[in-house]
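Novice: Now for the letters of each chain:
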Amino acid sequence: MHPEHPVQPIAFTHTVHLAKRMQCTTCHVGVSQGPDAQIPNVTFCMGCHMVIDTNNPEIKKIAAYQARGEDIPWVRVYNYSPSAHVRFNHAPHIRAGVACSTCHGDMTKQTTAERKVNLNMGFCVECHKQKRVSVDCDTCHF
Amino acid sequence: MAHKWGLVVDLDRCTGCEACVVACHAENNVPTVGKDQAAIGRAMQWIRVERSWEGDFPNPKVRFQPVLCQQCDAAPCEAVCPTYASYHTEEGLNGQAYNRCIGTRFCANACPYTVRSFNFFNPSWQKPLNLQLNPDVSVRSVGIMEKCTFCVQRIKSAEIQAEAEKRDLKDGELTTACAQSCASKALVFGDLNDPNSEVSRLASSNRAAKLMGELGTKPNVTYLDRGAWQDAKNS
Amino acid sequence: MERRNFIKISALTGVAATLDACRAPDKQLIRFIPEENLIPGIAVWKPSICTLCSAGCGLQVRVMQGDAEVERHGERGLIKMGLAKRLEGSPQNPINAGKLCARGQAGLQVLYHPDRITKPIKRSGARGSGQFQAISWDDALKELTSHLTALQASRSANALAFLARPLRGQRRELIEKFLTAFGAPPAVWYEPFDEAVLRQANLLSFGHAALPTLDLARADYVISFGADFLGTWNSPVAQSIGYGAMRRGRPGRRGKFVQVESRMSQTGANADEWIACKPGTEGVLALGIAHVILSQKLAPQSIASPAASRAGSQIAGWSAGLPEFTPEAVEKQTGVSAAVMTRLAHEMTLSGAAAAIVGGAPLAQTNGLFSALAVNALESLVDANRDEGPILGFTPEPPLSNAGEPAAPAQASFARLNSFAQSVLSGKAGTPQMLMLYDANPIFSAPPATKIREAIARIPTIVSLGSFIDETSAQADLILPDNAPLESWLDSVPESGSFQSLIGLAPPAVSPLHETRPMPDVLLGVAQHLGGDLAKALPYATFDAMLKAALLPLRAQGGSVAAKTDDDFWQSVQTQGGWWSAPAAAGWKSAAAKPAAMPQGKQASHALTAPEFAGSATDFPFYFQPYLTPSFGDGSTAHLPWMQELPDALTTAMWSSWVEIHPKTGAMLGIQQGDLVEIASQAGSLRVPAVLSPGIAPDLLAMPVGQGHENFGRFASGHGANPLSILAPVVEPSTGSLAWAATRVKLARVGGPEQAKLVLFAGGMSGFPHDEKPR
Amino acid sequence: MQKTVEQIEQDLQRPTGRTQRAAERIEQDLLRPIFTTSGKYKVAVAVSGLLVLAGVAAFGYQLYTGIGVWGINSPVFWAFDITNFVFWIGISHAGTLISAILRLCNATWRRPVTRCAEAITVFSIVIGGLIPLCHIGRPWLGYWLIPYPNQRGIWPNFRSPLLWDFFAILTYLTGSTTFLYLPTIPDFAAIRDASTGFRKKICRILSLGWQGTPRQWQRLEIAMHIMAIAIVPVAVSVHTIVSWDFSMTLVPMWHSTIFGPYFVTGAIFSGIAALILAMALLRHFLHLEQYLTPLHFNNLGKLLLTMSLLWFYFTFCERLTTWYGNTPDEMAVFWQSIRLHFAPLFWTMVICNLIIPVPILSMKRFRTITGTAIASSTIIVGMWIERFLIIVPALDHKFLPFSWGVYRPTWVEDTLMASSFGMMALLYLLFSKAVPMISIWEMKVGLQPHGGGIITTAPAIAEPHGLVLEGPLPTDVPE
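Protein chains in written order, with my numbering: chain A, 4 to 145; chain B, 5 to 239; chain C, 169 to 943; chain D, 11 to 489.
Keep in mind the hints are simulated off the structure, nothing from the lab.
Do not take every clue at face value.
Dumping the calculated DSS-like pairs for lysine-lysine here, alpha-carbon to alpha-carbon at most 30 Å [to be verified]:
no.	chain 1	residue 1	chain 2	residue 2
1	A	Lys134	B	Lys65
2	C	Lys619	C	Lys345
3	B	Lys65	C	Lys914
4	C	Lys310	C	Lys287
5	B	Lys65	C	Lys925
6	A	Lys23	A	Lys112
7	C	Lys287	B	Lys65
8	B	Lys174	A	Lys134
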């Protein structure tokens, strides 16, 4: 199991970034287009942090990763076990108006991401039933 | 209107090239089992090309016939599964919920077409062959029964796309991997509920027949008889 | 393994449902910065070109982001990169129109093959011992250039030999220019099943030294003499598309297809009528049919046509109506009844568009050229003088100076290889001192009588530029591994399969997985390094520059790419996967496809010669016919697990090789299905399991090519036997092409099924149900 | 004339000197195996224990590697596993028939037979019930057969015969365990009274405070009566349901209406055979010659003969209708089993189930202990083969000839099968240490002049020695 509060290599401050009026989709570009939200890589971070707040020790850490030719080894917060045989697609959920915070919590108040809900089948089915979405097995399992 | 997916196999077009078999391996992460396992009858194919012989030299005759899950409306596999791993989906497919499968293999025995493949072992893809795996399809582990899904991942993604664009699915917009690869167009996939789709048109041909139709399984795969040179004008 | 066990153990302890993939050991690897930004989970389709056979089908590659474990700068780590997930045919491509055969789709496994050479390696043990050590690219290139410099310095540049699979397009151009500028003799292009005889025949009959393209979609009647056109011959995908349309593409009109061969091929299995004929007499049968047509004037408008008279003029006695080929006389030679012949003649001439084609075993006889000319003559008789153009034509060559077909057919590859081997073994001055190998495997695919193994052993330095260790490259001293095709710039100039002229071109679909470099770039780099004429002849830093320079003249030709600037053109060609001319109005109406005019003063006609076989009929009572399978081709794709596990269409055998025997022959020799048998020819013997098949003449043994590798990766090594290893070096005399169907063999049972280990996919053999309805 | 509880009480409390001594002798004889342990016993426990361990090891290996270590393949997805399952569930019918039916029929000769028959039932259901757990591809998820509320909102599929199986076996196991346990209560009390230490403590719990009061006797008799009536339909339905695993599919030669009765007959047939074999072994090793007499073997032998003929009748019917129907799919299987690949097995089965037992059992001269034991042994083998021949030929020649297959078992399956026999032996051996293999109190009841039977309903029988009719009597103790 993942820790519910995974320790990330960089103490990325969602709070700060969102306060600067960035959108979730600025970095997680895939979220409205396809299955995965996408975690930005070190080059993307350094696109801004080449000039912004370069003295911050966390940002120095990012710069060091880049200098070594390495990406930031983010720790996954949510993941499905392969034995669940489940396919989750972000995009239709976003289109259906499910707020990111439903599963990921209110990021304007959080630093790093945490597990907000227990993503078991009951959680999914409950919401699908509530919103009158199909709960046929092959909606998610294939 | 709900979809009802169907496939037509034109036996007169099928050349037995087995491009569909490899397409299915690639699309659906169907493993290869190796020589030793294949030797004891454990090769896994969601679609196979059966060949039958008749006659002898100098007049032998051969027929090729692709056999895949017939996606029966009255499927013998579904009733027997104690855990609902085999079940009827809302779109009329014979679904297989891998996570729910406990491996009784009852469905495979009940299936008259023997189109179900069982994972006798964990499948292995020696690195880096694992990189070929289609991320849209789960990799089934040991003890799980699997079978042709009519490329449900393609259906789902096409439906999600159509929903995003707020339109209906078009005929031909979506096809299975086997039908996609079939050079002689022996395999045609589509929505049987759409009377104008190619698959509906072909399925109502007077060459149409169901595989072991007398068993009453009501398959959604239709075979078009091969016919002969002289018969062509009648079809 | 660890991960698998981990999963199992976790499953046992009941935490399977909550198991997390990311706890796997991969996690400890460092992550490299991605080189390419793709949105995860969203597929991008990129163009590429299939290189697994010479048909040159266009591909579209499904690329998705994924984590790959790679080695970069000596460190292992994970990188997010675009990974090829699936190969489909390119829908725009005029050849394959979105379709792809089984072998082509398995090209994915070439990319991800666990036995690919991932970095340059140098021999560390005895030659052929298979011991190599990894070296850096700098060292590897230094070593290669120092060898080449030494050759130049010792004024023996002509001692450089280049052995490669026959290529078309800019790769060939590059190698040829390289060798010319270096001062070396031309490359030895070798493939075991070349089509030199057919090209020669087509040159004589039709004026094109090329393989034909068939407009099967329009055909009402096709008679094929041995051509496995739905499986392995020519451009199978294009021909399968046409075949489907011929059968059921036109309501109320279904083409008939007749196959003449003595062992039922996958193509033959689809025929409406299958006619067995004695090996080597296919041409005679064609002339028997032609005799009926000529004598009964069944095709009066065609008989006098220029095409028919041109093709016919190659056959002695044509203008006299082929008096020697009366159906009765032909029946004696071929074993096909006169009545059948007459019926075929009538059917062909009465049923709309008809065509006769020839390929495969009939050409691999000592009288192969005659057979081909005979079928060509029949073809011109039934297929000429058609308003909408004939069924059989030739793909127009692209309008480029250096892509055209050779004016005269090149020497057959067997003859080239043979003379190369002789020259090495003779040991005279100027004989090859250094060999560069690229994608050719003659030690596996040439009959041992060529002594190519011994010849290669004598060459002091061998450098391979291939991606895999095979029987030949195992002898190399230095291997500079090429990128996989999907990682390379590719071009193709398909010889057949399209009515439009076309050039396929594609940039790499994915970044290199391993530390490999594309062969063209290596050669270009070496050329630059060596300087002089070489640098002048090949003034390109990378292969794409060379491709761009070669293709830009096409912009003026219009065709499929309309672009205002060269850069636009270059971009569009890349996205489209190539350039092709505007589609021809209907089939062969375009002028480019019309047969070339007959050169004046060349009216040599060919008379029938009987086929000759190696081995006497008494000592070696059976004809022996190796045949190509759609899975393995000539054996170069035997290392792909998908191909190994693909059941053979007719026998359903997988992971093994076998010999097809008629049940009567089996009964006579006490051989049952699955028994181990020994097949011996003058040139050698081999042991394989027997498969009893009703689709083979009782005096013929047929065996698939491609298995029997001794050293070709984990999936191919050690399965089955190689029929090429018992072929006698008989050639078709006019081309020097290997007559691979002209060896006689004997057969004996040597063991039971336990020793033979035949793996069949089908459990039972079934007849059709009586109502002929699908069952 | 019916006896009142008071009269029975009197009977029990005022034994004659002879019956008193006989009763003491019975108690002595039957309790002896519990308190003394022979070398042979230890060897037997060790051997059967090793077999069980081997099975556990084989199953562990199978869990770790995957069920592919079995010889099953496509299309033979079931083979040894389900053969053994059906076989053991079949064997389990021994107890039901002998015990319940004979009890209901008031056949007094049943008394020494009931306990060991019921034990066979319980243990073979346990074994039979374990086999499906080994046989599924993912045994760790076997609990999904249980309907329990869960967050997924999924229930088992009640249309599946496997689920019916699960419930039928569970019911049968519960029922037959109760049926075995109830009449053991007075015997536990007897052991409790005769032993000390740990065993005493255990038996005190198991005897549920049995004091032998008339009320307790009466309740026991009523409970036994109810259970005897209830267990018969359960037993019949269990094997019918097992047969539905097959007949509910379309598989050629499985899809047959005769399967229900055919399976029940086969089950009772093999059950009696197993019982005879067990009795012969008990008689020999526990020195119960005076209790398990030729009479019992003779009577059971007659039953076995009936079942053998009945089995043959059903087998014949099944094949005849198939042959007469002559559908190609069924005929493929038919010829496989009769004339082709499986013919040696088929004819072995016929020999074992019919040709050998019928002559032995139909002649009184041969219907001896040895005779019936020989017949039973061949029947056990024959009935195992019968189950195998129902399953495998049908699967490997199912419909489309292209996918026909061949099945060969592997060492893992062999081991598991041997282990199932080992488990039976082990459980039986251990049981014989815990409980008298012949019901002491029922034997004592048999000493009574009324001749025993189910007391509340049974008419008195004039026969003074209702228990034993032949041979040396345990009552023949010197006066």
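Novice: Hint by hint, say whether it matches the structure.
Specialist: Status of each hint after checking the structure:
A C-alpha spacing of about 58 Å is found between Lys134/A and Lys65/B, which places the hinted pair above 30 Å, so the restraint is violated. Taken as a hint, the Lys619/C and Lys345/C pair is honoured in the structure, with Cα atoms around 29 Å apart against an allowance of 30 Å. Distance restraint check for Lys65/B and Lys914/C: the Cα-Cα separation of roughly 27 Å lies within the 30 Å cut-off, and the hinted pair is therefore satisfied. Using a Cα cut-off of 30 Å, the hinted pair Lys310/C and Lys287/C holds, with the two alpha carbons roughly 15 Å apart.
Among the hinted pairs, Lys65/B with Lys925/C is consistent with the structure: their alpha-carbon atoms are about 27 Å apart, no more than 30 Å. Note on Lys23/A and Lys112/A: the hinted pairing holds, with a Cα-Cα distance of about 13 Å set against a maximum of 30 Å. At most 30 Å may separate the alpha-carbon atoms for a hinted pair to count; Lys287/C and Lys65/B exceed this at roughly 50 Å. As the CA atoms of Lys174/B and Lys134/A are separated by approximately 27 Å, the hinted pair is consistent with the 30 Å bound.
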